[in-house]
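Just so you know, the protein sequences line up as chains A, B and C, in that order. Numbering-wise (full-length UniProt numbering), the first sequence opens with residue 1 and increments by one. Numbering-wise (full-length UniProt numbering), the second sequence opens with residue 1 and increments by one. Numbering-wise (full-length UniProt numbering), the third sequence opens with residue 1 and increments by one.
These are calculated hints, taken from the structure and not from any lab test. The structure presented is a predicted model; accordingly, all values stated were derived computationally and were not measured. Beta carbons: idealized from backbone N, C-alpha and C, even for Gly. Among the hints, a few may not be true.
Derived DSSO-like pairs: lysine-lysine, alpha-carbon spacing no greater than 27 Å straight-line [unchecked claim]: (1) A/K107 <-> B/K3; (2) C/K207 <-> A/K268; (3) C/K313 <-> B/K61; (4) C/K313 <-> A/K150.
Only part of the chain C face toward chain B is listed, based on derived beta-carbon distances under 7 Å [said to hold, decoys possible]: (5) K66; (6) E68; (7) S96; (8) D279; (9) Y280; (10) M289; (11) T311; (12) V314; (13) G316.
Covered by chain B, according to a simulated footprint, are these stretches of chain C (three or more residues, beta-carbon under 8 Å) [unchecked claim]: (14) 85-94; (15) 104-115; (16) 281-288.
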Amino acid sequence: MSKNQGGQRHDGRPFLDRHLPQLLIAPSILIILGVLILPILYSIYLSFHEINFSSNTYQLVGLKNYIEMFQDTYYLKSISLTVYFTVITVFTEIFMGVGIALVLNQKFKGRGFVRGIMILPWALPTVVNAVMWKWIFNANYGVFNALLLKLGLIDSYQVWLGTPLSALNCMLFANIWKETPYVVLLTIAALANISPDIYEAARVDGSNVFHTFRTITLPLIKPVVLILAITKTIWALQTFDLVFILTGGGPASGTELMTFFIHKNTFKFLKFGYGSAMSYMLSMVCFVLTFIYIKVFASKED
Amino acid sequence: MNKKLKHVLKRTGLYALVLLIVVYVLAPYLWMVISSISTKVDLMEVPLKFIPRHPTLQNYKDMLLGTSNSTTDAASQFMHAMKNSAIVTVCVTAVSMAVGILASYAFSRFRFRFKQQTFMAILFTQMIPPIAIIIPLYMIMLRAKLLDNIWALTVVYLSFVLPFVIWIMKGYIDGIPTELEESAMIDGCGRLRSFFLIVLPVASTGLAATTIFAFIISWNEFFYALNFTSLAAKTLPVLITEFSSKYGADYILTCTSGVIASLPPVLLALIFQKYIIAGLTSGAVKG
Amino acid sequence: MKKRILSILLAACMLASASSLTACSSKSGTPAASGEPKTPASEAGSEAAPEASSEGASKITVLMPKHEMDNIGFMEKETRGYESESGNQVELINMSWENVADRITTEMAAGGGSYDVIEFDNSWVPKFVTNNWIIPLDDYATDEMKTGMLPGLIDKFSYDGKLYGITWNNDTRFFMYNKAKLEQAGFSEPPKTWEELKEQTKVMQEKGLTKFGYSDSYMQAQSCVNEMFFVVYSFGGDFFDSEGNLTITTDPGVKAAYEFVANGLNTDKIVDPGSMTSDYETVANIFNMGDTAFCVQAWPGIYQSSNDESTSKVVGEIAVADYSVSGDGQTQAVLTLPEAMAIPKASKNYDAAWDYIKYMSSKEFDKRKAEEIGALPIWSELFNDPDLLAKYPHWSGFGKQAANSKGLPSLLWYDEFANVVLVESQKILLGQVSVDDGLKEMEEQCKKIQPQA
Chain A
1 MSKNQGGQRH DGRPFLDRHL PQLLIAPSIL IILGVLILPI LYSIYLSFHE
51 INFSSNTYQL VGLKNYIEMF QDTYYLKSIS LTVYFTVITV FTEIFMGVGI
101 ALVLNQKFKG RGFVRGIMIL PWALPTVVNA VMWKWIFNAN YGVFNALLLK
151 LGLIDSYQVW LGTPLSALNC MLFANIWKET PYVVLLTIAA LANISPDIYE
201 AARVDGSNVF HTFRTITLPL IKPVVLILAI TKTIWALQTF DLVFILTGGG
251 PASGTELMTF FIHKNTFKFL KFGYGSAMSY MLSMVCFVLT FIYIKVFASK
301 ED
Chain B
1 MNKKLKHVLK RTGLYALVLL IVVYVLAPYL WMVISSISTK VDLMEVPLKF
51 IPRHPTLQNY KDMLLGTSNS TTDAASQFMH AMKNSAIVTV CVTAVSMAVG
101 ILASYAFSRF RFRFKQQTFM AILFTQMIPP IAIIIPLYMI MLRAKLLDNI
151 WALTVVYLSF VLPFVIWIMK GYIDGIPTEL EESAMIDGCG RLRSFFLIVL
201 PVASTGLAAT TIFAFIISWN EFFYALNFTS LAAKTLPVLI TEFSSKYGAD
251 YILTCTSGVI ASLPPVLLAL IFQKYIIAGL TSGAVKG
Chain C
1 MKKRILSILL AACMLASASS LTACSSKSGT PAASGEPKTP ASEAGSEAAP
51 EASSEGASKI TVLMPKHEMD NIGFMEKETR GYESESGNQV ELINMSWENV
101 ADRITTEMAA GGGSYDVIEF DNSWVPKFVT NNWIIPLDDY ATDEMKTGML
151 PGLIDKFSYD GKLYGITWNN DTRFFMYNKA KLEQAGFSEP PKTWEELKEQ
201 TKVMQEKGLT KFGYSDSYMQ AQSCVNEMFF VVYSFGGDFF DSEGNLTITT
251 DPGVKAAYEF VANGLNTDKI VDPGSMTSDY ETVANIFNMG DTAFCVQAWP
301 GIYQSSNDES TSKVVGEIAV ADYSVSGDGQ TQAVLTLPEA MAIPKASKNY
351 DAAWDYIKYM SSKEFDKRKA EEIGALPIWS ELFNDPDLLA KYPHWSGFGK
401 QAANSKGLPS LLWYDEFANV VLVESQKILL GQVSVDDGLK EMEEQCKKIQ
451 PQA
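The following block holds chain A by itself, in its conformation from the complex (with noise of 0.2 Å):
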């Protein structure tokens, strides 16, 4: 289309207009390759090392670390521990973020003020976030437990963060909560730029409403749930203050993320080689995530 001004035409212009699309990432790609290129190449040369403090040396053990990942029955638990996580949250907080937009997208009176409050979850510091969600689920004196029994759905208080499942599950509600609100900002945004004609048209064209979502809605918010999929996916596999705070991984490793996981590795253990390969290792899984995401959202386009 008439996306090829860019590098195309040199002669007789001057070297700004040339180098446009150049000038103006410039100044990103050097504000973010100035603070991250030099820990990431080291982080990478520690993936392949050993550090030994007492005697102060590198030692190059080339795959050790990679390989040795595979065979510690810890981390295989916090993998799968990690994808069930990751999965269910990013389409959970997806899907019910479209669609909470979508309601917030209507008019009604007051509109304004809930749009600004659906900002609190997400506004709330993670910290916070947890040691919230931490009180709530208390097994003695938790207002989930007190609200489920006034409500007659319990008869006696529950220990909600006592079985791996449970407590996992209660982790996920946590996140759910807080993270659903970037969803609805950002498709909100989106969903702005539709013009209300759009649906009339659609309107009296007899469709329903699915069709209309399906047709209209989805292609024009698309762009933007593909980024929300991706960046969501990144936050997820990086979660690692809700398992410090609300469970500590527990009970009986059951909620022990591969961020807890590695940070466990890093600061308790010292094994800084070790922590960085498995860092690594999610990064490659993060990327490969995204490249899927990617070209399944490019081939629906035909």
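For this one, chain A is given, so just place chains B and C on it according to the hints.
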């Protein structure tokens, strides 16, 4: 007649849905507010009283006025940390938006060599868990004597806010038809001018949302702040963890600080609603 | 063309960020192709930057967690007092314990000299000493200190015959109970054995006096390891024999301890099932609300909070026993988890750092600390101090129990060991595996990571 009934039903359904959403969002938050104005004994009543019997604003007073005698000494640093957070967040938001928009425009509208690779590389830097790069980054900051410095922290924050801003803004700009700028360019507008005059106003809703996004993620950042600040540059999320001892978190004080910390982003969001709505009425385009 | 621009950009940003860190970049940039051990950046770093502080010789930076009983800014106030007395300047950085731990690890691994006095936890001793992160204090510590402080505390922070830390927080745990509830149930004495504790609890539960016998912090955190060590000690067991061999599956005390707690949680229902998710703070809350009758490993602060009407429903009902609960009524063990101050090797100001430590561990300071925030002294004679005993009559019980205090094992691989114990303990306590199978698995996992002697 039938049509009218249908309309009423539709409206009722809508309001019921909205109410449900509001309750879902507010209920846990409300409990946090209630916790912050209760005494410990009241909170641990079984069966629980949902309305506190001895409500008190003492925690808020102590925290905001820094009267530390009755609370921890962390409380007296609250305003200082809030100021640090505000400075860092505002700078990060402003710079990342200004710089990020240019880059996202380039990625959205131009074709140039290594575009896809660069674009993916920018995101890949964010797929590496901060935990992997914290030690080398700390070494650099240590040698450059940049630890506990809010400007250094600002630059570090930019390195993770900027990539997301670029990606998100590209999503919004992609959604705007190129015909708009093309017609402007035919009218004699330069490329950049047409971008600033035509595209950006249409993208104002996305712009507002991305600004809130940048604000919130830098406002709430914890891990870097924990490692790179200690006193002078300490930010709010780090300070809040100090309401915990090694025995556990003080729920009441943490809730109090959480309520205060969550207000600035929400106020910002409420103000920005205006822009989102303005965008809706003025900048709507035909897909 | 564009390639050139890209490479210029890259070079520019490398330059920008690398200007002040040549030491680091040259190190991280050289790949160790030969497999030969290299000097890590930490060492070079600490040597590379010793300037810039000669003039500020009397300014030190201190990184410590908050004292859990210090709600009045006592440490801050005392630090300012030290400043005016000595003329030295002190930057005191307080963070939560977990944050301090992370922070110190980052700092040490990066080889920095940002701090002159640091937190030194009892579980870090072998690790920090072996890694050469801190300096021995023998030349600084006076004989009066070495003989006057509680011997357990000196021992705990000594390694290979050298002293590395001076305690600032004597965190020792005691057996407390709710005297009023026990009396209502018809018991005049607190239980001596775990079996008695179970019987008394059953009676109180039947009479509706308490919900559970006790609650403890068995959540997946260090606290669970601490508490299981205590129960094992109280049954006369240990995880290691005197030669350092693992005895998890062979020591009957270990098995008895795990059986008691697992049954207490799952079948006898005398232990609060919420324990699996509770931190220490929650344990104290439950005890202070009167929902449990015993606090088997209470810290001194609980006594204070139990007598405060805004945090407690059992004002005046709590008492400290003269002994701790045990398997046989004879063995006595309470847990001690002290925290010390240490001087990092990379500090540029050993003398001023020591001056601060000396002040913050002096007998006068120790007494003020005890009087103002109720913290346990580190000087032996203060346990008999008439002023303190007048203010805290219940301390006589502490004194008797503290005679048998015991710490966690000093292992170089402690963190990994504790992690295995933690995860496998949780499986047992949740009833996922039987006690025998669980302990067997625990020992196997431990053997996998135990360094070969």
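Q: Take the C-alpha atoms of A/K107 and B/K3, compute the straight-line distance between them, and say whether it is at most 27 Å.
A: holds, 19 Å
Q.
Let's test the interface hint: is any C-beta of chain B closer than 7 Å to that of C/Y280?
A. With Cβ-Cβ at 4 Å, under 7 Å, it holds.
**Q.** Coverage of the stretch 281-288 of chain C by chain B (three or more Cβ within 8 Å)
**A.** holds (count 4)
Q | Interface hint for C/D279, Cβ within 7 Å of any Cβ on chain B | A | Result: holds, 3 Å to nearest chain B Cβ.
**Q.** C/E68 as chain B interface residue, shortest Cβ-Cβ below 7 Å
**A.** holds, 4 Å
Q.
Is the coverage entry for the stretch 85-94 of chain C by chain B consistent with the three-residue Cβ rule at 8 Å?
A. holds (count 3)
Q: Verify the proposed pairing of C/K313 with B/K61, using a straight-line Cα cut of 27 Å.
A: Holds, at roughly 26 Å.
Q) Are there three or more residues in the stretch 104-115 of chain C whose C-beta lies within less than 8 Å of some C-beta in chain B? A) With 7 residues closer than 8 Å to chain B, the stretch 104-115 of chain C meets the three-residue bar; holds.
Q | Interface hint compliance - C/G316 to chain B, C-beta minimum distance less than 7 Å | A | It is violated, given that the least Cβ distance between C/G316 and chain B is near 15 Å, above 7 Å.
Q: Return the status of the interface hint for C/T311: holds when the least beta-carbon distance to chain B is below 7 Å, violated otherwise.
A: holds, 5 Å
Q: Would you settle whether the hint for C/S96 is holds or violated, based on the nearest Cβ-Cβ distance to chain B being less than 7 Å?
A: Result: holds, 5 Å to nearest chain B Cβ.
Q) Quick one, is the C/K66 hint okay against chain B at 7 Å, beta carbons? A) holds, 6 Å
The structure fails to meet hints 2, 12, 13 from the earlier list, while all remaining hints are met.
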